[in-house]
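Whole structure, please, built from the sequences with the hints as guidance.
Number of protein chains: 2
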Amino acid sequence: MKIVVIGAGNVGTNLINALRDKHDIVQIVSKTEHSARKAALKFNTDYTTKLDNVNKDSDVYIISVNDTFVQDVAGNIAVENKIILHTAGSMDLDTVKTKYNNYGVFYPLQTFSKNKLLDFSDIPLCIEANNKNTEKIICELASSISSKVFVINSEQRKYIHLAAVFVCNFTNHLYNISYQILKNKGLDFDLLKPLISETADKVLNILPADAQTGPAVRKDEIIIEKHLKLLLFDTKLQKIYKDLTNNIIETHTKYGEF
Amino acid sequence: MKIVVIGAGNVGTNLINALRDKHDIVQIVSKTEHSARKAALKFNTDYTTKLDNVNKDSDVYIISVNDTFVQDVAGNIAVENKIILHTAGSMDLDTVKTKYNNYGVFYPLQTFSKNKLLDFSDIPLCIEANNKNTEKIICELASSISSKVFVINSEQRKYIHLAAVFVCNFTNHLYNISYQILKNKGLDFDLLKPLISETADKVLNILPADAQTGPAVRKDEIIIEKHLKLLLFDTKLQKIYKDLTNNIIETHTKYGEF
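Protein sequences appear in the order of chains A and B.
Just so we're aligned, residue 80 is where the first sequence starts under this note's numbering, counting upward by one.
Just so we're aligned, residue 80 is where the second sequence starts under this note's numbering, counting upward by one.
Heads up, the list lumps identical chains together, so a pair's fine if it works in one copy or across two of them.
Heads up, simulated DSBU-like pairs for lysine-lysine below, C-alpha to C-alpha not over 35 Å straight-line: (1) Lys161 with Lys193; (2) Lys195 with Lys272; (3) Lys215 with Lys262; (4) Lys211 with Lys237; (5) Lys298 with Lys315; (6) Lys262 with Lys315; (7) Lys315 with Lys227; (8) Lys262 with Lys211; (9) Lys121 with Lys176; (10) Lys215 with Lys264; (11) Lys272 with Lys298; (12) Lys227 with Lys264; (13) Lys227 with Lys237; (14) Lys298 with Lys195; (15) Lys298 with Lys264; (16) Lys193 with Lys318; (17) Lys227 with Lys176; (18) Lys121 with Lys193; (19) Lys305 with Lys318; (20) Lys161 with Lys101; (21) Lys211 with Lys264; (22) Lys264 with Lys318; (23) Lys272 with Lys110; (24) Lys237 with Lys176; (25) Lys264 with Lys237; (26) Lys272 with Lys321; (27) Lys262 with Lys195; (28) Lys129 with Lys110; (29) Lys308 with Lys178.
Just so you know, these hints were derived from the structure itself, not from any lab.
Quick look at the structure:
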């Protein structure tokens, strides 16, 4: 397929890289000249900074910009009768409807960085379309780069995106909190890396509830009190510790597994 | 070395398995007959349920029981002039002092399950001893199974244990929260597994602060409000979402990196 990608951020850059082996990325659109040119050079393709100058002759236009701008961008692409997709987990299908008859969602459920280009073959692609024919085309496009393609409606996708915030953004913040705790004591974050990896690996094979360990699930009040004292230097961290600990205790008491 | 391991829980079982290739595990002590016999059969060694019947002729006695019982167990092992170690991240060195001249800590910084025996070669072992000679012996023991041996004092170890609670126990609880969010909507937790793995993989090579993505670090108030509405069904989860989001915003504003 001939594809235009609008947006050269973390998601856009990774998408272009994944799609270009199987498809023709005819143009990259990015609002700053610097970012547009850089991406175009990197992937050896054409670029523009203006939606008016978009290539008119492509099959699919993928909008991969900040959630806030998706609708505005969709309405201003100077094309008609084309398939318009967005990649935002939290946005409804209809965000890109504007003036089009064929549109959809192409949401890769992963965390991306511009400077780490990922292999898409195992990345879940959550797709949605406004009609069966468009769904078929998006499904073909998705299947060309990943073995994990799921038709997911906007209501379901909202919850997937919410869950993703917990396992990715919040988890990463817990890593950052730990980094700071160790740094304050002159200790190296490397110490925690095998633990971080194993914690993630464990839930690939067992349920998170069954993998829970530590003072909270053991209701070890002495250790919990000790930890809260160590966190006196930051009352907000202390609150996060308390809330997560109480939530672990309540969850596991409720389900009676521990 | 000849070693007695007291406790056949998650840590004890993994330690026995790691040590038995290089050392002689002469006895396993566990308070219930069932657990003691099961471990002894599994690792083809002797067992007892009574501290009075402990093997008197070993070099090292490793106490791997619930934190609350470490001191009591140490004081009641029927041996003298031996090296006594505990494995608890949150307990001071002196917890095992009781009646001994040579004692220490052997804290493997990892999350363990009885039914998943881990390779110790990359697991950080945080050791401490009450004198140089004992430290040397513990260091030899640790180095025989892991390439990552660190002398860490009790004060430092407290903070390492606290940080471990954040990256392991709390992170696992976030996985569990996500599992429940998806389950409520009939969606499969498998969807999130590539994201969980990549989130953990990322911080092996870049700082957690630099890996932060998502609505909080972008200060995307529209998405944050949408997520808080989706969490109306559980006000405690909503609070956890709010606190973590605010903490991400404050941390990244403070350090001015985003």
